[in-house]
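Visitor: Sequence:
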Amino acid sequence: MSIYNKAFLSELRRIHVKTAKAITKKKSGRGFEMSSFCGWDGEILVLNILGTPSAKKDAIGKSKGSQLKISVTAAPVAGKATDHMVKFLAREFDVSVSDITVVFGRFNLNKQMRIRAPGSLPAVVAKALSEAENT
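Counting along the sequence shown from 1, when you hit position 7 you're at 7 in our numbering, and nothing is skipped either side.
Take these hints with a grain of salt, some might be off.
Computed list of lysine-lysine pairs in BS3-like fashion (alpha-carbon distance at most 30 Å, straight line) [stated by the list, open to error]: (1) Lys87 x Lys56; (2) Lys56 x Lys80; (3) Lys57 x Lys69; (4) Lys64 x Lys87; (5) Lys62 x Lys127; (6) Lys80 x Lys62; (7) Lys62 x Lys87; (8) Lys127 x Lys57; (9) Lys64 x Lys127; (10) Lys69 x Lys127; (11) Lys69 x Lys80; (12) Lys56 x Lys69; (13) Lys87 x Lys57; (14) Lys127 x Lys87; (15) Lys64 x Lys80; (16) Lys127 x Lys56; (17) Lys87 x Lys69; (18) Lys80 x Lys57.
Each pair of labels, with its calculated beta carbon distance range [to be verified]: (19) Asn108 x Lys57: 32 to 40 Å; (20) Gly42 x Asp94: 12 to 20 Å; (21) Ser130 x Val103: 19 to 27 Å; (22) Lys64 x Ala117: 33 to 41 Å; (23) Val103 x Lys80: 12 to 20 Å; (24) Glu133 x Ala75: 33 to 41 Å; (25) Gly42 x Ala75: 18 to 26 Å; (26) Glu133 x Lys56: 28 to 36 Å; (27) Ala126 x Val77: 31 to 39 Å; (28) Gly42 x Ser130: 27 to 35 Å; (29) Asn108 x Lys87: 24 to 32 Å; (30) Val102 x Ser54: 26 to 34 Å.
Quick caveat, the hints were computed from the structure, so don't treat them as lab data.
The structure displayed is predicted, hence computed values, not measured ones.
We put the CB at the ideal spot given by N, CA and C, even for glycine.
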């Protein structure tokens with residue numbers, strides 16, 4: 001049971017998502033905005049993530065608003081779940097761990113990651129990028 005009420009947690013999530021968009025805009029230097037949970041900044045794929053630690057299996061889920069749900073089996077202790085998520089995403093995107101940067105959210109469920117020159121794209125990401133390109 002959480003000591004925080006649902007309204008507070010909802011507002012906190014809204015602020016994190018708003019911050020993610022602002023950081024994305026600032027980091028790119030070109031002021032690009034993502035229409036979904038992902039977008040390109042040159043050869044770098046930017047992902048806004050809603051993490052779920054201590055899951056039964058590592059998995060990339062569906063989008064939830066402007067975030068992509070990603071579950072990992074690691075417990076949320078001292079950033080270990082985020083480290084595990086980076087390793088999982090490195091396999092999924094066919095890159096080395098050093099090609100993934102955690103922009104923010106190392107100790108939080110709301111994260112933004114930048115993946116340099118992904119070798120492959122999971123289906124949900126490829127679909128979102130193609131839809132954004134066609135709009």
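Visitor: When the structure is checked against the list of hints, which entries are broken? Sort them ascending.
Guide: 19, 22, 25, 28, 29, 30
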